Structures are given as structure tokens and as C-alpha cells.
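**Q** Build the full structure now, drawing on both the sequences and the hints.
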Amino acid sequence: MTNTSSAERADARHDRQSADDGSGLVLADLRVTYGAGATALRAVDGVDLSVPRGSTLALVGESGCGKSTIAKAIVGLAPSVGGQILLGGMDVTTERGRSAAHFRRRVQMIFQDPYSSLNPRMTVAATLDEALALHTGLNRVDRRARAAELLDLVAMSGTGADKYPAEFSGGQRQRIAIARALATDPEVVIADEITSALDVSVQASILNLMREIQARTGVAVLLITHNLAVARYFSHRTAVMYLGRIVENGDESLYTAPRHPYTRALLDASPSLAAHREDRVPLAGDLPDPHDPPSGCRFRSRCPVGPLTHQDRTVCIDREPPVVDPAGLAVACHFPPEQPAGR
Amino acid sequence: MASRRLRAIVGAPGTVVGLVILAIVVVVAIIGPAVWQDRAMTMNVMEARQGISASHWLGTDVLGRDVLARILASTRTSLLLALAAVLLGSAIGFPLGAVAGLLPPRGRRLVGRGIGIALAFPGIVTALFICTVIGIGAFGGVLAIGLAMAPGFARLAQTLGTAVAGSDYVAAARVLGVRRGALLRRYVLPNIAEPLLITVTMAASDALIALAALSYLGLGVQPPSYDWGRVLGEGLQDIYTTPAVALGAGAAIVLTGLAFNLLGESMAHGFDSRAGSVSARALRRMGRSLLPGRGLPAAPPEPDGEPRVALRLEDLSVYFPGPDGTLVQPVRGVNLTVGEGEMVGIVGESGSGKSLTALAAAGLVPYPGQVRVQRREIAGSDVATMHPEQLRKLLGTDLAMVFQDPMTSLNPALRLRRQLTEKLEVHEGITRAEATERAILALTDMRITAARRRLDQFPHEMSGGMRQRIMIAMGLMGSPSLLIADEPTTALDVTVQAQIIDLLRALNAEHGTAVVLISHDVSVINELCHRMVVMYGGRIVEQGPTAEVIAAPRHPYTAALLAAVPTLQTGREEPLASIPGQPPSPTAMPAGCPFAPRCAAADATCRQEMPPLIPDGQRDLACWHPLSESDEGRAPGGLASPRVGSPAGRSIPGTRRVRT
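Sequence order for the protein chains is A and B. Residue numbering for the first sequence follows the working numbering, beginning at 113 and increasing consecutively. Residue numbering for the second sequence follows the working numbering, beginning at 3 and increasing consecutively.
These aren't lab readings, by the way, just hints derived from the structure by calculation. Keep in mind it's a predicted model, so treat the numbers as computed, not measured. Backbone N, C-alpha and C define an ideal beta-carbon position, used for all residues, glycine too.
One side only, chain A facing chain B, incomplete, derived with CB under 10 angstroms:
no., residue
1, Val314
2, Arg323
3, Ser382
**A** Written as C-alpha cells, this is what we have:
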């Protein structure tokens, strides 16, 4: 059990809030519910996260854990949002109606599949021009110049802005989608599995590009991925999500010394180029029905250190583990390893 | 692209016929009233009800008017009324349906139900009802048909619009804050325009017939005006004495309707053939050049003493008709042998030909693809010499195939029991009860709990990982000696992927099943396979024991591919080594080494001559300038060989981009 004094945590909260001004994205106790009543699905159930300006937070977890729902909630595509989404200290869940356009300029999203995220009937120039026309006060001539700059930023200059998406390869389309997201000069970009539809060699160039862009513009990136190697390579911090909750949040040490058994299981399951490890512990069973998550710790039905193997650990069934805050000062586990588990 | 599609539409024979008929009809509609009106209105009771004659080609009606003239003169009315009805129907239906797709859920449901209710009434009944309410006549008829058509149009636009509204590009536009009107105008309508246009064209023929029916019933055009329906109605009274009168009007309706339909069909066909239609000529030529045995040396007799293999492919090529009647060859002379109980991984990027190689091995290359192979052996028997019945049995039992998407490879309408037991009953002739027991055993082997209960479930009741395990269980029921798995874990989470990999490994250890695993992910292959085959541009560029290839790749592409994959050990400070440019497209394959345009070490030889695949110890290699064994392909940090790509892969590809 991690010993975190309440004073420390309050300090962390305070730091977070004072550092917010004018920068970064903070989620506080975010809840997203689909449906209502008995069949309601709490896809995101009390999530605290923070993505300071100029940094990248990777959000990892299995499909159905709620990571894409968080993205939707932030950009306003999800229904019924509770808690706070703070952008530069301002809660956008309440002000969205009033200044939607203003807010939209500040958060943009890049989608997984570049084959479906561009309108096939609009040229690259028209796609970029639309974003610029909506969110900048530029005139037509300036918008053209800015669009050319954006294409240059994603290394697509001189490749025919008058062409349609179908005339480009997957990697090129993803660059165009990135340019569109950058058109509004956003503070936060949400990258939802942006390389998983691309070939390996193209993935590397897109990841490099995103790094360059972040270095140049200081944009905060929320990277959503199921690929732990990509998450580790690209991000400053990583949050691991399971059934609507963050179970662990940490820096690079999360990959070398995971503290939550689920993080450990994900790492074990990730295929690698190293020699086989025979010691890995496979995760039992499938993801539980998210409509009816297990009581107490949600991971207990598959946990290798929980009541499945240690029958005396009834606390996992009875009590919810601590909440992980953005500083990663807790791990949502009743029995984290005493010594950090070396790998 | 647009012009190619237009050519595909205009070039189809149906279009030509349709366009010619329509052109004639339009010309007649324009000049008709001026030329034939007098003749059509001239009454001559003396010549009433006459049959076909030299002066009256289609006879005369009850008032002695010339029927042919009446048909020709009324072309304009008939056509315009039909078009008006269609325009009215689409003007009401399409916006209603398209807007419905963009409304918030409650509005969408409301509009959807309204459309559903309207659709529940048969069109002609609705039309008759409206006609009676509004009053009979041409105006009422058009209104009635138009309104009756609107729900159908609305439903189509709603269905198509909903699909577009759910797409990522609309989500992206919403994130940008694009307004609803602009969404409809710029995003939804252009993307559903093609099917709507086809529907309108087809609907014109329906409207023509429906209006004729109304007029025929006396509800449409009223005398003294007339259209084809009226002429038909008037002629029908005398169908037994002067059939030509009715048949003439009928023929006009049918021909024009047919023309609209032909046009719609060929438009649909043209829009559909995205990659350019397959010309019959190209197919015939393919057929000629690829007939088995023709132009090829006879297959050598089976060598004795060689160990039995699970799979042997010699000089495998796959051809597809390309654009403009050319042939493309996405798989170019692949030799692959998989020993009994061996696990071989084929790695490559999209367009490398890895999946087609697998499909060709199983004889599943889709139409219009053609396969040419010197020799194809499965489980030690030469497929070419087999009786079709034998072959089917072999494919059903000795070879199992698992695909990427378990949802689409299981039949969603059948319970598992049927899908799992059918093969056994067909190929092994055992009873249903025995087959069920075997199925339960197979599912249990795949670590599926409560197998007996699962048999009565449908595929959609299971998770993706479970479906994939069921697919594998299904393949294994016939105790195959070879399992070909094409990206079996790509759609799955890493935890499930690890389970599947463990299962395949156990399967191999316990039953000696040979496995061919196709993946874009080197690390998945590393987890499972003894031997690794690297494909690029339809060819094998390197193969050898997995651990050795990964530790010391000799082909620059292999090295670059390995360096580009971030692993949990990759240095976080350096940029990833990326490969400049893109994989070659089968339609524009380089003349020499397929990797030459992206390879830093390539010279003139590489660009002009294809390097052959040459064995070198345990390794096969197709490269003019292989990395030497001392070249550390991969430092522990995971950085690429410095000879590959741009300096440390830093530059953003684009400077050396190869247009494909």
C-alpha cells in the first residue's frame, strides 16, 4: 500500500491548479455515461488526468476500457459528461455552449484511420481552408499562405494541395489530418491510435513528425494507443486504464517497474523483439461485462495477485482501491509489489 | 479518377443502348407536339377503330385519330410528368432523410419513425389516396406519385446519410465546429450523391409507369389532354380487335422505362468499379497466358527421399488485371517450403504480397486474380495431380486457415454448433453427436470455458478474442497438418494476442501442426516462429532463423523494418529510424530491386537488375549489397544500421518520396 499523506496529495493538487493557467488539459473526476437507468454504461468512471503544455500523456488499455470515450468527451462528441474538463484552468464542460467555437479551436483530434477521417470529396486545400476559415480571422490569400505553411510543417509541401485524399497514401493522409488538426493552432491535440492503421515504416515517420511538431509548437498531446512500445517511446507520462478507471499513472519507470498487476500483465503480453520470456503470467479470462463491473477492485476477476490466487485477499472484493491522481501518487491496487518489480 | 469513372459508365454497352433510346425519346418529346399534334387531334369517325394500315401504322382509336401520332405527340407530356414527379419526390425525400442523419438522437428517431410509417403503405395506394384527395388530373397525379415516392427516397438518404454522419471525417468536422448546414452541403450530400443519382434515374422509370397507371385508371391526365397512359387505356378497350393500339403505347412506356433502368444500372456499375473495371479482354488474355501447364515445363516428378513437407510452393506468382488492360503481379516468383511441424512467419508491409501468398497456398485467391505456380504441395501431396474431390477433402482437413477478422469469417446467422460440426460430418462422415463431442473438445483445447453452452450461442455473443479462438478451433477440428493464419491477432488486444500466440505454440508442441503466420508485426513473429520470411514488393527478400535474422539482418529492408519498430527497449531520446518513401505499388513496380528507390545503399545495378534469392548458410538473401555479418544490424538500443535511411532517420520523409 502506498503511503501518501493527504498533505502531499493536496500539494500536488494545488501545484496542478496553479500551473494550469494558460496551459494544458486537466481532467478532474471525469465521468461519461452511456444510456440511463439499469442499463447505463459508465464508460469513464471518475478519471483524473493532466497533460501539461509541451508534454505527452499516453493513455493505454484494452479495447472497451474507455480510453477513446475520454477523447470523445474532451472534444464534445460524447453524451452526458460529468466532472470537469479544464483547459487552461477553465472548465469547458460548463462553458461549452457559450464559447463552443472558441473551445474547439483549442482542442483538436487526429483520428485512427486516415482513410476515413478525410472527406473524400474535398481537396486538401479545401479541407485546410475550412478549418482556417472557421477559426482564424485570415482572409483568403492569407489562408492560402497559412495552408501552405501547415503542409510544410507536416512535410507535405509541394505535393498538390488541389488533390483529393484518394490520391495520397495512408501516411500522407495522416499528415494531412495532422495539418488540419494544427490549423486552429490548438493547445491540446488528441491522437487516437494515429499510427495503428499505418505500415511500420510509416508509423516511425509519423511519430517523429509528431515529436518535431510538439517541440516546435509546444502543443500538449494526449496519445491514445494500445501499443505500449509506442506509448513509452512517445510520451512523458503514461496512464493505464481498466474498465473506466485509471489504475496506474507514471513516468518511464512504469515500464521498468510496474506497480499495478494489470500494467505488468499488459507489459508481459506485449510482443517483443527480445528472446522469449517463459516467466510471463498470462492474464486469465476476458474483459468483464462493462455494464456490470466486479465489486471492489474491477481487476480482481483476472488479477494474478488478487483473490483468484490469494483467497485471504477479500479486501479486493469489498473495497475499491485508491484513486490514481495525475501525479501518479497512488496505484489503484490493494497489494502493489513491496519492491518495484524489476523486469 | 472522375474521368475514368465517367469512361467506365459511358463505355458500358447498357449505357449506349439506354442513351440512344433516351436521346430518341427526348428528340421526339421536343419536336413531337409541333410535328404530330395536328395529326393526333384530327378526328375521322369513318376511320375509327382501324388496325394497322399503311396510313395508320399503329391503327386509329375510337374517334379515328392516328394512334402513332398520339403516342409521339404525348411523349413530352409523359416524360415531363414523370420527371416532375421524381423531382418532387427527391426534393422532399432527400433533404428530409439527409438531415435526419445529422439530427440529435431523439430527432433522428422521430424522423426515422415517420419515414417508416410512410413507407409502410404501398406506393400506389398512397398515390391513389392522395390523388382522390387532391383531385384527379395531371397536377394531382404528379403530386400523388411524387409524395408517394418521397418516403423511399428519404429512407435511402437517411441510411446513406447516417453512415456518412458516423464517419470519422464528419466527426473531425464536428470537432472543428463546422455548422450543420455546411456539414450537409460539404460532407454528407457529396458523399451520398452517387447512389442517390442512380436511384433517381431508376425511379424515373417507376414514375413513368405509375403515372401511366394513374392515367389508365382515369385518375391522371384528363381529356382532352392525353399521355401514354391514356392512349393505352383508350386502346385497351379494343385490344382484341386492334391490339396494336394498346401495344404501341405499352411499348413506348416499356422502352423508355427500360432506357432509364439501363442508364441507372450502368451508372451503378461505373460508380462501383472504383479501381477501374476489369476489361473482358484483359481477363481473356490472362486466361490464355496462365492456363496451367501451358508454356511451363512439366512439373518434375516427386523427388524420393526428401522429407515430407507441410507446404511447398515453387515459383508462385499471382496476377490481377490492372488499370487500362494491363496485368499487375503482386506476388512475383515466391518459393516457400514449410517443413512438418515448423512454424514460419511471413512479415511484410501492405502490398508486400504476404497475404496473397497465403491465399494462393490455400487456393483462395479471389476473382479475378490468377495464380501460376510450378508446384504446390500440401501435406506432402501435389495439388496439381489431385482429383477435385480429393483436393476439397485435403483443404477441408489437412489445411486450416484463420483470417484477421473473426467476426466476418464466422457466419453470423448460424449458431456455433452448426459451424463447428459441419466440416466433420461432411469430411469424416461421423454422426452429429460425435461431431458435437469433438467440437467441445476442440473448444476446450482453445481454453474456451463452458464449451457446451457456447455451442448454442451466436458469434455476436462472444468477444473478439473468443471468436478468434473459435476460428482456430474450427480450423483444427480436422486435425490439420498445416495452419495458415493471416494476421490472426491484429484486431485483438495485446493480452488476447498473447493468449492466441500461447495457444498456437501449444498446438504446435502437442500436435505437431505446422503454422504459417502472416503478420506486419515482426515482434509477433518473433514470439512464435522458428523461421522468418521477409517479403517486399511481392518477393522474398530475406529468410532465415527468426532469432538470427532479428539479431543480424542482412537485407537493408529487414534492417530498416526492425529499426523502425519501437520496442520497450528503444531509446526514447533519438528519433525512430524511418524508411523514406513508400512501399512500391504493384502497378508501378521498379525494374530492379523493389527496395532500391528507398535504399541508401542502392546503386545502378540495384535499380536495373532484380537480385536473385541466394542461399547463404541458413539464410536466403536477395540483395546486391547485403549488410555484412559484422555490421551490427541492431544495437541493443534498437537503433538502425547507419547505412539505412537518412542520417539517423531524422529527416521527414518527403525529400526522397517516390511517387507510386
